[in-house]
Structure formats: C-alpha cells, structure tokens
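Visitor: This is what each chain is made of:
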Amino acid sequence: MSYIAKPKISHPGLPRNALGLTSRDYEGSVSTLCAGCGHDSVTAAIIQAVFELDIEPHMLAKMSGIGCSSKTPAYFVHQAHGFNSVHGRMPSVTTGANAANRDLMYIGVSGDGDSLSIGVGQFVHAIRRNLNMCYIIENNGVYGLTKGQFSASADIGSMPKKGMPNQQEPIDPVSTALSLGATYIARSFSGDKEQLVPLLKGALLHSGFSLVDIISPCVTFNDHEGSTKSYAHTRQHYHHVVNVDYIHPSKEIKASYEEGEAMPIHLHGGDTILLRKVDDSYDPTSRASAFKYLRERFNAGEITTGLLYANESRAEMHELMGNVETPLSKLPLDELNPGKDELAKLQAGYR
Amino acid sequence: MATVNDVVIKIATVNGTGSASANGLLRKSIFRMGVPVVGKNYFPSNIQGLPTWYEIRVTGDGYHARSNRVDVMIAMNAQTYARDMAEVVPGGWLVYDSTWPRKSLLNREDITIIGIPFSRMCNQHFDSVRARILMKNIAYVGAIAALLDIDLGIITTLLEETFAEKKKLIASNMEAIQLGYDYAMEHFACPLPMRVEKMNATAGQIIIDGNTAAGLGCVYAGATVGAWYPITPSTSLMDAFRDFCSHYRVDPETGKRTYCIIQAEDELAAIGMVLGASWMGARSFTPTSGPGISLMSEFIGFAYYAEIPSVIFDVQRVGPSTGMPTRTQQCDIISCAYASHGDTKHVLLFPADPAECFYMSVTAFDLAERLQTPVMVLSDLDIGMNDWMVPELEWDEDYVPDRGKVLGAEELEQMERFHRYLDVDGDGIPYRTLPGVHPKGAYFTRGSGHTRLGAYTEDSAEYQDVLDRLLHKWETARSLVPEAEIRFSKLNKAAILTLGSGDSACKEALDRLETENIGLNYCRVKAFPFTDAVRDFIEKHDVVYIVEQNRDAQLRTLLINDIEADQNKLVPLLHYNGMPINAGFVVDRVLEEIAKGRAA
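These protein sequence lines are chains A and B, in that order. Under the working numbering, think of the first position of the first sequence as 1, with each following residue one higher. Under the working numbering, think of the first position of the second sequence as 1001, with each following residue one higher.
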C-alpha cells in the first residue's frame, strides 16, 4: 500500500465530467508496484472508466484481498472507501457490504493467486449469488510479493524464471465463471486500454456479477521467454472476438451499426452497451457455444478477449432475496424492532 | 422417597421417533401446573436410529441446573436398557415396554419396575406403522401422567393448542395418552410417592431455549444482516432469527424484506460478510460453534486491528476438534478471548441462561459499535438448545441503540480532514465513517500496519502508537462491559466464582452448602475483560473456587492473565464430561477441598 501522496496539482484545461470533476479527482496515491507492471495500466483504465461514467467517488466501494493486485485500490479514487481485506476473502466482505447497502457500486480487484487458489471458494460462491459487483482479476500467472511462485492460472508448459515448467492444469477464471452462471464475463489485456475501458464500463454498470479477467504481466517474475503471461506472448497470441462500446445515455445509438454486425445490450440502470463482433461465428449470449469457442481457441494457443458472455435477465442477489430497496444499513430501529407489545404477545406461546 | 414437586424423570428413546414432541408435551404440562421444570435433551450427532434421552427435573424450589440423579426412568429403548436401569437411584422406578419379555438378567431389587405393554396397545389401536411408532411415545406421556398425578385436562388443552390446525391429531394423541394412563391406573398404585402437585411458582415465567432467545435479541437489536454456516449447536439460532424475521420483517404490502440472511460457503466467508456489512453500518452477526471460531480467527484479528464492529455468537460444544458436537462445554473461552495471530484480545459476554442470551444480544451490538471491535457472546449447548424456565422477557421502549462514534455527512463537511485512527476523546476509541456518506470520510481499511491517521506504515513508532492505543481502548472496554453478579453472604474467606451456565448449578450448590453451615460468597463474571469488581472480589478472599466446564481451567487462566489474580488462591473445579454441570458435583468438590484443609 502506498504511503506517498500525489501532489494535488492539475492542469486547468483538463476535461471535466458531468460532476465537474477531472480525471485527477479519480486518482489515488502513487503506485508502489514495479515500473512497467501491468496492474498500473489497469488502474489507469479504471480511473478513466469511472471518470467517464460520472460516478460520484464516495458512491464507489473499492474492495480487495492480498497480493500485488490487491494493493491497487489505494491507487485510484481516493475519495472512495477502500477495504483491503485478508487473502482470498474479498468476495465475502463485498457480499456483506453489498447486503448492507445496495446503493453503492462495488469494484473488487483481485489476482490469480487471491482468486483462484486461496480464494477460489469465495470467488465461485459470489458468482452463484450473482452478487452485484465488478470483479477484476489482474492475472499474471505468478505470486509477485513472495517472489515468483506459479499461481493456479499458470499454463501447462509455462516456464518459471528458475526451475521446471508448470505441469498442472490451469484454472481459467473465464470458463469457471461461465460454468457457474456469471452474468457478465470479459477478458482483456492490460496493454489494450482501448478495449479494456469500455469493458470495464459495461462491467461496472451491469446488474449482477461481472468478471473482467485481465492478462496483466508481471515484469519482474513472469515476463521472460517461455512465459505464457508475458507482454510479448500475450500480444502475439491474443485476439479480439467481441468488442464493446459504451453508449452514454445522452447519445443515441449510431446508425452505422448494422443489424448482425452490432448488438445493443440494455443494462438494468438504463445504460446501453454495444457489442461489436469481430468473429461472426461467436455468440456471446450462449453459454454453451461460448464455452466451446473459448476451449477451441485455447487449444489452438490463442487468448480470446472481449465481452465473452452477457446475460442481463438474471436477478442479482437482493432481487433474488426480495429485499427492500432502501439500504438495510439505513433502516432506523423503529422499522426493525417489533416493540414491547409484540414481545408480550409472542411469549404467550412460551408457557 | 415420598416427595412433592421434586422428581427427576429421564426418558430413553430412539431419535427420529417423535419422542421430542412427547417429551415437550410432558414438560409443558408440568409447567402449566405452576411447577418449575427443567428440560435437558441428550441427543446423538445423528438423524435417526440412535439412543437419545430427555431429562425432566421437576423442581418446586425453582432450580435451573440438571440434577445428577434419576428417580423415574422411562426405558423405551432396548439398546440402552441396561445402562438406563443402572442409572436409577435406589428406591426409584423404572417404566419399560412389557410387550416383550425382559431378560431375567436385567433386574434390580432396589427399584420398582413397572411394565406397560405400550407397543401391544398401540399396535391394537393404530393402523399405520408410523402411527404405531409415534403413538407409543405419546402413550408413555399418559402413563407418566397417571404415575406422577399430572393433570390430564392440561395435557388435553396443550394438544388442542398444538394441533389447532390438525384436529384429527388431537383425537389420536389423546387416545394414545388415555391408553397409557388407564393401563397405569388399573395396574399400579397411582400416583407414586414422588408426585407432582399444582403450585403457583411459574407466574411471569416462560420456557425458552437460548438460541431462540438470542435470535429474538438480534431482531430486537435491529440486526439486518446475518451470515452463517450451519453448525451444531448454533444452527437453531439462525433458524429462530429467520422465523422471527419472516414474521416481523416482511412488509405486508410489498412482501419485501428488511433483513438479509446469507448462508455462507464456510465460516471464513460468514465472518467476512459480517465485517463487510458492519463496515457499511449495518448491525450484523454470525452464530457458530468452536470449529467455526477456529476458521474465523484470521478475520476476527482483522476486525480487532482495523476496528470493525462485529457480533459473533459461539454456542460452545465439546472439543477438541470435532469433539462431541451434541454435548456441552465451556471450552472456547481462551480461543475466543485471544482469537487470531498477533496481539489481539476480544470482548466476551457470558450469558447464564436464555434470558441473558436475549438481553446480551442487544448489549453485544451496542458494545461492538461503541468499541468498534468484535464482541463474542459465549453461550453453550446447554443454554442454547435446552428448555429453561426464565422470567418473561421485557423490552424497554426507550431503548436507543448505541451506534458509537460515527461521523455523518454534515460533521464531515465541516471538518478540514478526517483521520480514522486518531484518539480524539482520549478513551482509545477513534471516530469512524461509513462508505457512501461523504467523500471526505473516505479512508482505506487495512489489516496491514497503519498510522493513527490511517495511512500504511512500516515505521516502528507509528505502528506501536496504534497498538498501544488499542490497549487503552481495552481498558475503556473494561469500564463498559456488564458488571459481574456478586453475592456476599457472609464475611467469608472462601468463595465460588463461575461463568455462564455454571451459574445455576453453583447457586444450588451454595444453598446446599449453606445447610451444612458452609457459607461461601459468590461471583459470576458476565464479561471479559474482567471488571474492577471482579479483581476486588478475588483480592478479598483466601480461596476462590473457579467452577467451569473445561479441562484446562480456561477461565482461571484468563483471570490470572487479565487481572493478574493470585493463582494460588484460584482453585479449579472442573466439569468437562459433556453433560451439563450439576450442583452435586460442585458440593462434592468443595467438600473435598475443605477436607484437604482449604478454607471454608
């Protein structure tokens, strides 16, 4: 976690969003990650996304676990509360926070170790509940803070800096989320901000669990030849299958998107995102065909990116439970306490 | 052995055969006669087919502990017949199902054996196999009613109340009861010399178990988020909360709920949810038992260090490890007091009965939010799952929840800067803010080293500054927790000190010792940290018998650790076989110590 405050000087000509805030207002403290770390690019993409979405900073809750990725919530939106929890347990804290106050927007930043090893139980159960949150995995295939051990997302044959190649099957967060019924699943690359920012916007606005798995190379421990999570390997092997445009509510959907070429998805809150398919054969609304496609491309050595699955029809956690609209944390005692007379009435049955 | 309203009936059955309703009916009938009664359930960690016992202590004196004697055994389970027979006190009675011949080996000359052909009678009167099994159990209620002189009219009324919706069942149940009743009346001299007689000692009293009372307390305290993972013996606490909420917390018009119960994937997640919800400003809790505390420990330490209110109910069961999940102990005192790695210590509350489970639920939320720290309510299986007679629960309409030092939007607006961990008031308790209230309130909650301003640190002095302030907060907690119950009978040099469910057995023991001219003073601690009054109490005595239900004298250790009590004075009296402690044990052990030369 950084303890270096950023100087508060911003260029007077910086563009402002609908709240009158500049992108500097969405920054956090200075990153203490290694120079060139993919995570810092993700942080920059998050800042751009929330700035452009006109999100009130204090209405965002930044959640994380432990690891390099989990440090990053300190580096964006300093006017939002952050909760840097324990290793692998960010989903449960977010579940409780969201249960108490459904009005906030929840962004969780995790890593492949935090989500796919120690925290895999909480990761999958948050998906089952369709917890309304944006869950980011900054995926680099290694443990950084403990100096380079493989994580559960390391590919078979991937070489470590020292020692033997990985022989165990990787856990792919995207196909895991797909099999569990996550309702917004995307994959991107920290080096592709143009693709990543709209994907993040869609994920933030989506009602329900959205997963954004971001290949985010570790420059210190996993960026060498033989690594399958390096900048070079990712650039060479990844391909866009579906891209996303976020349509600001003030703008109409452009006429240039022809039927079949583009597909609008109307989000719960009234926003719209537009899917642009790069590969015509891909159907991002079918779990079965998405799974098949992803598996085939994976076997061919490709990293498929874009919005890989979207389903706006499934109810999120509060809707599934039938909870009141008012955040539970804001209900006064007199609305929760049955009172003296009810207690007496109840106890008549205890005699 | 002729007594009135002083008899212990133990019923041995097979679990899953409906004996629980029969036993409940019997216990309630006696209570309705105005006679204080204690119901204790000894059940296996199993669903169907294993031995189970229910013990009803009829106690005109109004004691709450179990008794260590059995006067009347209803031996309905052939599997355990031999041991059940052995348990009856000389001069007592044993009722058995005489449908099948009893082996001649199983006999005792010093007790009266009463054979009633329950199975044969039920087989003749009921058609379905299921009814025959269930009604056999109901039939013994009738036999006991005849033998002990329990009012059949009251039993009828209770059946009518229970089956108001299923009238057919009233007739069949009454038929079975009458079978047992008539047979006993015809064949034996009823009532026995030990019998029940109407009195007026239950006015203003109810019968309730601790888990139900705690669940109700959470509703009254205004808890909105409950997260849990099912574990015996705490499960019925969340079941009760759910039942009460579905009654009191659903908008009749919209059908929308003002509560959220999340069945977590494990206890690690359950406590994480509680932290998240409490951090967000909701009153949130989790019920669990010892194994759950072990799993939750990492997060409990986080909550201590990051200062997040949280309420945990530990309904203790026998450890170590899986232990005996359906037996009682007070074995998590130390693991709760110091849960988690690093220097941590936590506020504990020790309810002594279901009524205190209700009131202490509310206290727990108030203290957790006032102190911004985890508060654990340490109940146990005996309190949580057994039926206790307690004074009717009361609610003070003027109650205002203590939400602690939480800054609102206006206060934040007027502040130049908010710092999370500053000791502004000098009581060791900082101010906190809730997310979504004001941008100025934002801070980064972390379990890593932090400064008084809330920033990350690896600086020795800055780290130590916060750790020392937490110790100061601990002393504030000492002044806020519930005061111990202290009784000075005489200016004695010896005393008994206990906690939680030890209370009832100890009070009964004090009465019995009194009759032998041994008058001991008494202290029941209600919370950790221990108050100054507890320290003074120990200092005033030469010998303090520490009565607790674990092997390692955990309360004693805690007293030595927390208030530096003189360990030479603290004599452990330990009961840890999994059965609820009884007065006889305490009396015997005290007398032994006195015989060894300890001060009385």
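Worth flagging that the hints you see were computed from the coordinates, not collected in a lab. Predicted, not measured: the structure shown is a model, and the values here were computed from it. Possibly wrong hints are sitting among the right ones.
Derived EDC-like pairs (lysine to aspartate or glutamate); straight-line CA-CA distance at most 20 Å [what the hints assert, rightly or not]:
#1 A/LYS345 / B/ASP1151
#2 A/LYS340 / B/ASP1151
#3 B/LYS1440 / A/GLU325
#4 A/LYS345 / B/GLU1416
#5 B/LYS1256 / A/ASP25
#6 A/LYS6 / B/GLU1416
#7 A/LYS340 / B/ASP1402
#8 A/LYS345 / B/ASP1542
#9 B/LYS1440 / A/ASP25
#10 B/LYS1596 / B/ASP1536
#11 B/LYS1256 / A/ASP334
#12 A/LYS292 / A/GLU316
#13 A/LYS340 / B/ASP1396
#14 B/LYS1256 / A/GLU296
#15 B/LYS1440 / A/GLU316
#16 A/LYS6 / A/GLU27
#17 B/LYS1256 / A/ASP54
#18 B/LYS1256 / A/GLU27
#19 A/LYS345 / B/GLU1160
#20 A/LYS340 / B/GLU1592
#21 A/LYS330 / B/ASP1542
#22 A/LYS330 / B/ASP1402
#23 B/LYS1198 / B/ASP1151
Visitor: Decide, hint by hint, whether the structure agrees.
Guide: Here is how each hint holds up against the structure:
A distance of roughly 26 Å separates the Cα atoms of A/LYS345 and B/ASP1151; the hinted pair therefore is violated under the 20 Å criterion. At roughly 33 Å between alpha-carbon atoms, A/LYS340 and B/ASP1151 are farther apart than 20 Å, so this suggested pair is violated. For the hint linking B/LYS1440 to A/GLU325, the alpha-carbon distance of about 26 Å lies beyond 20 Å, and the restraint is violated. Our distance criterion of 20 Å between C-alpha atoms is broken by A/LYS345 and B/GLU1416, whose separation comes to about 51 Å.
For the suggested pair B/LYS1256 and A/ASP25, the alpha carbons sit about 38 Å apart, so the restraint of at most 20 Å is broken. Between A/LYS6 and B/GLU1416, the direct Cα distance comes to roughly 18 Å. Compliance with the 20 Å bound is thereby established for this hinted pair. With a C-alpha separation of about 19 Å, the suggested pairing of A/LYS340 with B/ASP1402 holds against the 20 Å cut-off. Simply put, A/LYS345 and B/ASP1542 have alpha-carbon atoms about 49 Å apart, too far for the 20 Å limit, and the pair is violated.
Distance check on the hinted pair: B/LYS1440 and A/ASP25 sit about 13 Å apart at the alpha-carbon level, within 20 Å; holds. With a C-alpha separation of about 26 Å, the suggested pairing of B/LYS1596 with B/ASP1536 is violated against the 20 Å cut-off. In summary, the hint linking B/LYS1256 to A/ASP334 is supported, as the alpha carbons are separated by about 17 Å, within the 20 Å threshold. Restraint check: the Cα-Cα separation between A/LYS292 and A/GLU316 comes to about 26 Å, which exceeds 20 Å; the hinted pair is violated.
Between A/LYS340 and B/ASP1396 the CA atoms are separated by roughly 7 Å; this keeps the pair inside 20 Å, and the hint holds. For the hint linking B/LYS1256 to A/GLU296, the alpha-carbon distance of about 45 Å lies beyond 20 Å, and the restraint is violated. As the CA atoms of B/LYS1440 and A/GLU316 are separated by approximately 30 Å, the hinted pair breaks the 20 Å bound. Straight-line distance between C-alpha atoms of A/LYS6 and A/GLU27 comes to about 9 Å, which keeps the hinted pair within the 20 Å bound.
Taking the CA atoms of B/LYS1256 and A/ASP54, the gap is about 31 Å. The hint is violated against a cut of 20 Å. As the CA atoms of B/LYS1256 and A/GLU27 are separated by approximately 38 Å, the hinted pair breaks the 20 Å bound. Between A/LYS345 and B/GLU1160 the alpha-carbon distance is near 19 Å, which keeps this suggested pair within the 20 Å criterion. Only pairs whose Cα atoms come within 20 Å are accepted, and A/LYS340 paired with B/GLU1592 is rejected, the gap being roughly 48 Å.
At most 20 Å may separate the alpha-carbon atoms for a hinted pair to count; A/LYS330 and B/ASP1542 exceed this at roughly 53 Å. Restraint check for A/LYS330 and B/ASP1402: satisfied, since their Cα atoms lie roughly 15 Å apart, inside the 20 Å limit. For a cut-off of 20 Å, the pair hint linking B/LYS1198 to B/ASP1151 stands: about 9 Å separates their Cα positions.
The structure fails hints 1, 2, 3, 4, 5, 8, 10, 12, 14, 15, 17, 18, 20 and 21 (numbered hints given earlier, in ascending order).
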